[in-house]
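Undergrad: Listed here are the chains, written in short residue letters.
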Amino acid sequence: MGEVIVVTSGKGGVGKTTTTANVGTGLAKLDKKVVLIDTDIGLRNLDVVMGLENRIVYNLVDVIEGNCKIKQALIKDKRYPTLYLLPSAQTRDKSAVKPEEMKQLCEQLKGEFDYIIIDCPAGIEQGFENAVAGADRALVVTTPEVSAVRDADRIIGLLEAHEMKKTDLIVNRIRMDMVKTGDMMSSDDVVEILAINLIGIVPDDEGIIVATNNGEPLVGNDSKAGQAYMNICKRIIGEEIPFLDLNAKKGLFKRIFGRK
Amino acid sequence: MNGSVMIKGSKNGITLVLSETEEYDVLKEKVEKKFSESAKFLGNAKTAISFEGKKLTGEQKEELIKCIMDNTQLEIVCILDNSEEGNAVFKQAVEKKINELTAANARIYKGNLRSGQALESDTGLIVLGDVNPGASLVSKGNIVVLGSLRGTAWAGAGGNENCFVICSDMTPMQIRIADIIARSPDRQDSKTGKDIKIAYMENGSICISPLSKDIISNLVL
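These protein sequence lines map, in sequence, to chains A and B.
According to my numbering, the first sequence is numbered sequentially starting from 1.
According to my numbering, the second sequence is numbered sequentially starting from 1.
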């Protein structure tokens, strides 16, 4: 029986789609059967981040409206055979799908997949309602900035009102150099305001931009961001992993002899 | 029908309207006459009476009532006070009592208030938890927050200027007491110490100071 996880944030641009892609790919790397669902109808981009945009034939709205079977709409990932994507529609808008329909779809997919990860659109209206309707747990993504934290707080309040059973926090795009000079909130500051369990801290990484453009999520690779996302995946399946030390600088020895 | 004495009936009883310009004695005779004429019509009910128009002393009211009871079969049970000042005094006394009650009682809420949530109460509010930015507390009485107050708090929402806001970590977006609004300064001093602070109204503006025994003893509930 699968677990349905919704990745939401309230604020736009904090890294929901990136997180969905990386967490999904990471779980597939750990040999789980995963399906990613993009519920941002009208502004889809999970397919772009996954590099699967030219393989789309049917989409989420087609499935809901009964124009095709679910299997016809699912796209197998180009790198990992246990990872699938259900893309969104680009020519419709969020009123094309209702929360009950999403709930039914999730129930159907639960029988076949270990993890169903739903990429929620920004905002608190119909798109959000659709995305959380079928979810068992939520991952709230925020950046360490006052505006993002304000919106995350609102979203957490709404999730509590929806009686979401488990809500975890991911602090994304943190820059430890700015935290040190006091110019950016630390992850402790964020957790103090939001008061939910912290499941991951992902540092700001230029590699993400490169990975997005190539359509290949960087989870699991050597960069700090890649390792951070892999740790999040492992924590999701239940392992206890200590948080990375994002401050680690190269020692003198490495600096002299480690330069390539 | 001469207009100097008028009898009005209402569900509250009888209203006796007396012309303000005539002398009391003249009016008394007219009252006697009027009531004895309408005695049969008025019947033998138990009723209340109220006076409008000419201002009468207590004695004069008693006389008129006796006159009415002598000349009819009515039993005047009580006098109703419909006067403007009477009503105003009552209203003030009731409001004062309500204010005291609302200020002295409080509702306890446990948990954090998140952005977008609001807690309203006719009595005071005690919050065991944080109030995040974007959340609001509205109370007709006093507000006490045992946690961080980062949202907006409105004490004395019914107009009571004696209300206060006490908080263990006072960094609100706005504080309102009765009709006055105060906002936090644009540049926050970093961490001015987490002592318990109280916001109260003094001379028409809101002051915030650390909670001391002096201030507590000067509080009016």
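Source of the hints: derived by calculation from the structure; they are not laboratory data.
Heads up, a few of these hints could be off.
What the hints assert, rightly or not - Stretches of chain B that chain A covers, calculated by requiring three or more beta carbons in the stretch to come under 8 Å of a beta carbon on chain A:
hint: 1; stretch: 23-31
hint: 2; stretch: 152-159
Stated by the list, open to error - Sample of chain A residues with no beta-carbon within 10 Å of chain B, all distances over it, derived:
hint: 3; residue: Tyr58
hint: 4; residue: Leu74
hint: 5; residue: Thr91
hint: 6; residue: Leu158
hint: 7; residue: Glu160
hint: 8; residue: Pro203
hint: 9; residue: Thr212
hint: 10; residue: Asp222
All C-beta atoms, glycine included, are put in the ideal place defined by N, C-alpha and C.
Undergrad: Checked against the structure, which of the hints given earlier come out wrong?
TA: Failing hints, ascending: 1, 2, 6 and 7.
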